[in-house]
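Full structure from sequences and hints, please.
Residue numbers (our numbering), protein chains in the order written: chain A, 1 to 424; chain B, 425 to 848.
In case anyone wonders, no lab produced these hints; they're calculated from the structure. Fair warning: this is a prediction, and the values are worked out from it, not measured in the lab.
Derived SDA-like pairs: lysine to any residue, alpha-carbon spacing no greater than 20 Å straight-line:
(1) A/K195 with B/R844
(2) B/K782 with A/T232
(3) A/K255 with A/M1
(4) A/K195 with A/R168
(5) A/K195 with B/E848
(6) A/K358 with B/S699
(7) B/K430 with B/I636
(8) A/K369 with B/T656
(9) B/K619 with A/C414
(10) B/K782 with A/P274
(11) B/K577 with B/A471
(12) A/K282 with A/I240
(13) B/K793 with A/T232
(14) B/K793 with A/D236
(15) A/K195 with A/T140
(16) B/K793 with A/S176
2 protein chains.
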Amino acid sequence: MTEVEKARAGEISSALKEVAQFEGIDPERLRVLVADGRVVITGYARAHSRVIGIGEGLSTKVNANIGTSPDHDDLAIELEKLDAAVDAGADALMDLSTGGDIEAIRRSILERCTVPVGTVPIYQSIVEVTRRGGEIADCTKEDFLGVVERQAKEGVDFMTIHCGLVRRLAGDVAGSRTAGVVSRGGCFLLQWIVKNGRENPYYEYYAELLEIAHQYDFALSLGDALRPGAITDSTDRPQIGELLVIGELVDRARKAGVSVFVEGPGHVPIHEIPSNMILQKKVCGAAPFYVLGPLVTDIAPGYDHITAAIGGAVAAWHGADFLCYVTPAEHLRLPSVADVRDGVISTRIAAHAGDIAKGVRGANDWDRKISRARAELDWETALDSSIDPSRAREMFDASPAGSEDLCTMCGEFCAIRGTRRSRE
Amino acid sequence: MTEVEKARAGEISSALKEVAQFEGIDPERLRVLVADGRVVITGYARAHSRVIGIGEGLSTKVNANIGTSPDHDDLAIELEKLDAAVDAGADALMDLSTGGDIEAIRRSILERCTVPVGTVPIYQSIVEVTRRGGEIADCTKEDFLGVVERQAKEGVDFMTIHCGLVRRLAGDVAGSRTAGVVSRGGCFLLQWIVKNGRENPYYEYYAELLEIAHQYDFALSLGDALRPGAITDSTDRPQIGELLVIGELVDRARKAGVSVFVEGPGHVPIHEIPSNMILQKKVCGAAPFYVLGPLVTDIAPGYDHITAAIGGAVAAWHGADFLCYVTPAEHLRLPSVADVRDGVISTRIAAHAGDIAKGVRGANDWDRKISRARAELDWETALDSSIDPSRAREMFDASPAGSEDLCTMCGEFCAIRGTRRSRE
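Structure representation (structure tokens):
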């Protein structure tokens, strides 16, 4: 039985217990949410990984992407990024490698990583076919599904598969948009569909894909191939058309006893984010929603961790369950180790701001603790309890007159000291 | 006549023309907004400064705070911060100096600064009385109002004065909050009021203050002494009680022909921001709203430019007109020159995201330009048009395989290249 089937059968599995304890919620309540598909649990494929819950009523989770590219493949650096992401508090990690020995890289990541690991199997399918001298359109059903099965066997926890990009949607999109298709997996499929004049194989053979997912009990993350890559493309007919197909695929996955969540945009102006969240929850049967950003403007390469933090916070507030980080390097280059760290922290800030807004149990206890310490001029607690104590301390200590109870912003004119004086 | 009075008299002044041209709106429409107090124009006191408009229908403006403190007073560094702020695109600058020769520092800033300059005159009043050997409570009416007049004569464009902290509110706040009073000016007044057992002098002598503001035609920024300094303190009775007083003071300023806008929070969880914006506009007669942040969580010292960008974007979307920047150094120390730059850019991102959401004319043209360039793999335009071209270029160039039409994120597997191929 898969975890979903166990939950439906009334079983409180050890994975479910671990999540209930972390979230501080009743295991029976969580069991019902998992049975209904409103929560997905993942991370139980490898014994050294945390199990996490993603979905309704739980804290918003954060994913960090790492991985090589054809121009940049160094396993050691990717493992450094892995450590940086996990140290900074990422709840999950995706390996998006497309360069070097991608199987060996993935194995190393699976061995080392203590949080759930996701992949996008089409990358490996495409890399393999091109290394055999073929082109994208030469990929066969076996190339697509074979990789999924091999990765599942290795212990990958969740896989992004762009099953919803059906052939009738493929014609629509290239001409009507500012930025066309910006999903890498989506773009591979688009080329495959257009060149072969055939249906998306992940859609055509979805029943077989679900069998593999059921057998190995990994979670299916239904990718949004047509996510907008520019704010002027957001919430357009191709994006929503694909979402409607994804909604049907959620139903089929649930019928098959497979854990499923849904991926979402992308570049979205801030005022459209609430509608996008409501729409996904409605047409996808309240399946967990995993969003990339959203980035609320296109103007800030070098600062897209900030444009994504703005969008991610608003998305989480309005129901997004899982935020994929965006680093300062987005749109410019592969992230460095420092970029990974910045990306995780800024996305965690967004997730936490959303958790406060959506009333996640105990979320603002953290804020209260830090603010109380500030009000008591207890710098040790205020710094040590912050989201990145080493950064906070480094900045505080760099202050030319930094002392234990004085910051250079106000010095003797500190409002908190003044308030304490007036209270006394 | 003040600028407000000119607008009411039907005059299209040169300052008003400058703003209308910058915003791309009809001068007559702008004149009506200024006459009604829905827009404030400022920056006309010094010929070398830009004039800016703040308020309804205009792009959201960004302020940067600089200034010395008792533990950190170096004019050269403050002038470097000034240059960094203006170069990074700040629309206004506040000098909050409390250390060193604050009059000389302000004069240097006023001479050099090409955007409107604001101050918080109570700082100078308090510094002067303490240097004379007195304490805060010894400040006289003449100490408070005399500084306002001297600063006005020098060409300060707008002044933050905490007129709304009336005596009956002062008792309420210290005990009921996690973080008490965190406004520095507010805290000085609180101590003055409590120690002397008298009414806030800026409130008691508000008529005389308005006479000075009318004579020198500077804009009054009604400070929120009781802004929340922790998210658990937000939207509480002291904050809203002060806002109601401020609403009355807006009416009195308008009757006196004085330009007036209103300052707001502070630390506010994201879901309370829309209500805070609606409330201010309603009870303050649609006066422009100038917010500090808001910071949507307390947990992230070292990253408060990000917590404030999240809050600022949501605030601007829901009607805030003027965002005061927050730097990464907030809560830790005075900002460095680099912190100033980061603070301005992240606040400009928030302002722009808000402008797109509130439909400011032409706001998303900028996004469209960059996204079109991206889709055409025109790196030159995409980088040069971005909010911080030097940062974007530096990150792009640092890419190990950076070439003119390839980024290391995807390399040969670039989705944009693939989309172009499938289109062809």
